[in-house]
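**Q** Read off the chains here:
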Amino acid sequence: MQWLAIHFFRLPVEVLALPAPAVAIAQQRIVAADAAAAAAGVRPGQRLADALALLPGLRPHERQSERELAALESLACWAGNFTPTVSLAPPDTLLLEIGGCLQLFGGLDALLGRIRDGAAAQGLSLRLGLAPTPLAARWLTHADSTTEHWQAALATLPVEVLGLNDAAERRLHALGLRTLAQLFALPGATVGHRFGKALPLQLARARGELPDPQPPFAFPERFVQRLELPAKVEVADHLLFAARRLLMALAGWLQARQLGITTCTLVLDHEDIPATHLPLGFASPTRDAERLIRVAREQLERHRLAAPVTELHLHADAPQTLAGSSVALFGQQDAGNIAPVIERLRARLGDAAVHGLAVHDDHRPECATRAVPWPEPKDAPDTATPPRPLWLQAKPQALHEVAGRPTYAGAALNLLTRAERLESGWWDQDEATGDLRRDYFVATTAQGAWLWIYRDAQGWWLHGQFA
Amino acid sequence: MSASPAALDDLLQRADLWRGGACAHHAEATLGSGFAALDAVLPDGGWPCGGLTEILSGGLGIGELSLFLPALRQLDAEAGWIVIVAPPAQLHAPAWQALSLPLSRLLVVEAEGADAAWACEQLLGSGALAALLVWLPTADARALRRLQLASSSTRCLSLVFRPERVASQPSPAPLRLALRGSDTGLQLDILKRRGPPLARPISLAIERPLPWSRLVRRVRPAAPVAREPHVA
Chain H
1 MQWLAIHFFR LPVEVLALPA PAVAIAQQRI VAADAAAAAA GVRPGQRLAD ALALLPGLRP
61 HERQSERELA ALESLACWAG NFTPTVSLAP PDTLLLEIGG CLQLFGGLDA LLGRIRDGAA
121 AQGLSLRLGL APTPLAARWL THADSTTEHW QAALATLPVE VLGLNDAAER RLHALGLRTL
181 AQLFALPGAT VGHRFGKALP LQLARARGEL PDPQPPFAFP ERFVQRLELP AKVEVADHLL
241 FAARRLLMAL AGWLQARQLG ITTCTLVLDH EDIPATHLPL GFASPTRDAE RLIRVAREQL
301 ERHRLAAPVT ELHLHADAPQ TLAGSSVALF GQQDAGNIAP VIERLRARLG DAAVHGLAVH
361 DDHRPECATR AVPWPEPKDA PDTATPPRPL WLQAKPQALH EVAGRPTYAG AALNLLTRAE
421 RLESGWWDQD EATGDLRRDY FVATTAQGAW LWIYRDAQGW WLHGQFA
Chain C
1001 MSASPAALDD LLQRADLWRG GACAHHAEAT LGSGFAALDA VLPDGGWPCG GLTEILSGGL
1061 GIGELSLFLP ALRQLDAEAG WIVIVAPPAQ LHAPAWQALS LPLSRLLVVE AEGADAAWAC
1121 EQLLGSGALA ALLVWLPTAD ARALRRLQLA SSSTRCLSLV FRPERVASQP SPAPLRLALR
1181 GSDTGLQLDI LKRRGPPLAR PISLAIERPL PWSRLVRRVR PAAPVAREPH VA
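Read top to bottom, the protein sequences are chains H and C.
Here this note's numbering is used: the first residue of the first sequence is 1, the next is one more, and so on.
Here this note's numbering is used: the first residue of the second sequence is 1001, the next is one more, and so on.
To be clear, the hints were calculated from the coordinates, so they are not data collected in a lab.
Hints may contain errors.
[Said to hold, decoys possible] Distance condition first, Cα-Cα at most 20 angstroms in a straight line; then the derived SDA-like pairs of lysine to any residue:
id, chain 1, residue 1, chain 2, residue 2
1, H, Lys378, C, Ser1100
2, H, Lys378, C, Val1108
3, H, Lys395, C, Pro1087
4, H, Lys378, C, Leu1091
5, H, Lys378, C, Ala1077
6, H, Lys378, C, Gln1122
7, H, Lys395, C, Pro1088
8, H, Lys378, C, Pro1102
9, H, Lys395, C, Glu1110
10, H, Lys395, C, Gly1059
11, H, Lys395, C, Glu1112
12, H, Lys378, C, Asp1076
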């Protein structure tokens, strides 16, 4: 077992997403300070008045414990990206069992790098601790230690990591006990006698002498998450930053449940008017955070906000099972490569702008081609047909008739075939493609272009080119 | 000093060095054009996979796509997708299928102007393409240079179709062709290649809906023609 503890030590303030410098407070004392405030010397435990004296521009905000817990659960979903065994250690720590997944991520350094990058992308500060026992890992976050020699690192930790009450800490200091090493050196019974029975048990759990089972985090059955925005957001760019947290949590949730999605909905709540629903579509089932974010970015960039946004919701619509990382979805070919690009194109150009083609069984040339969202995996068998052009004009182009022969660009056309009569569509009410009666010919121009033309009651028409 | 002749030989073997008179040889992949006469004049003996090929053609219907049919048919499922960007007219699916072009691996992207060039760049970046056919009548040199860069790092047959009138403008494409229709075959001239200019256009009997001989043999008018007064 390898436990990785992730301590989001600025969670109370970072969950509020206030502009820097900011602090979260409870009972007029600082609970957490963001990086800018910490750099100015603001420390947790300080009185707000002292902090304001240090940094007059400081934005204090009352701590919101429910939001911290919701954020921690959302982060647990995100941690599903890395391992299925996640435990919550409220208020601000996650425990990940990573012994089984190091191979998958290419070693410890690579995994820690991904975790740090992921947290940075969400605007969260973290400290890590790595040890074979969950409690030692939690304590080691104090020193941000992921060293192999965890016992040596543990021994050097100050006794404050134990989280004892003030009186007990004072007594430890009075005895000259400042590090865990000194505490480990004492007999367990003595420690229990002086500082309560719980302490020797904790020390034993941290060192792996007693079992310390962790309740696993249950990934929710359905993914519906909301994120309250700190201020009314009017710029799509800022929305993306907030949406990123939700999308990264969604990706982790999908990974942990071995699911993929082809659509999800981002709901933007406004103050006065009904919420805006932004559907995010994917060409193939996915749980790749990069793809989710990319499509969300394209959608948000194109979207004009009707009103400032107060809250974001994210729903995963109809997740489907998606096992493994490389699934051949369309026959043998791997659509995985091109699918993300198709999503980008669709997000910018519109869904209908990227399509495949299918043959539709209809004699009318206008109706013989069907645009399909994705090419059909099997090609239909070839059927012998009279020549058909590769290009078809969306609107047939009228040709002048001179001396009974059609002309193109002022020169007479050379007709090469007998008339091919197409007569069809009498059942169709549509005026443009409905009942038609035409004689088709292959013709060439003096410039060597091969055209497909037809004659009907109205005259001669250019309908296509043999490219 | 005795090593210097060998060094010169080594130098002449380099891919980025070519002597006038001979075509450059790049180790890159090519796709046989299906026409022996054409392969003989193309550097590396086929269409280049990776790097733009610019085709300047007079109008639709002279055989601008049929020229590439033999090459496109060689692309199997493993090679990747065939993507058509900003086509100049609607694609008539029955014809594509009748010519044995795989609709199951064909995607069409409708875009205009700068969007079309952007889409091509994205698509080339995916590395999942076997062939890209794009119509860019108004693209500027900068857009083409970006595409050339994006394409040169792939193994994708990248065909850019442009109107005849841009022939005088400089282009970053390493291979530029001009196509012209005629009664006897498609007239192909190479405006630019990694090698000496072509002496004269070559004529290719590309695939047409009817045999070429039908063009030479004047057929009876198929449509009712005004009857000419019979002169005795």
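**Q** Work down the list of hints and note, for each, if the structure agrees.
**A** Taking the hints in turn, this is what the structure says about them:
no., hint, result
1, H/Lys378 with C/Ser1100, "holds (13 angstroms)"
2, H/Lys378 with C/Val1108, "holds (17 angstroms)"
3, H/Lys395 with C/Pro1087, "holds (15 angstroms)"
4, H/Lys378 with C/Leu1091, "holds (19 angstroms)"
5, H/Lys378 with C/Ala1077, "holds (12 angstroms)"
6, H/Lys378 with C/Gln1122, "violated (26 angstroms)"
7, H/Lys395 with C/Pro1088, "holds (13 angstroms)"
8, H/Lys378 with C/Pro1102, "holds (9 angstroms)"
9, H/Lys395 with C/Glu1110, "holds (17 angstroms)"
10, H/Lys395 with C/Gly1059, "holds (17 angstroms)"
11, H/Lys395 with C/Glu1112, "holds (19 angstroms)"
12, H/Lys378 with C/Asp1076, "holds (14 angstroms)"
Checked against the numbered hints listed earlier, the structure breaks hint 6 alone; every other hint is satisfied.
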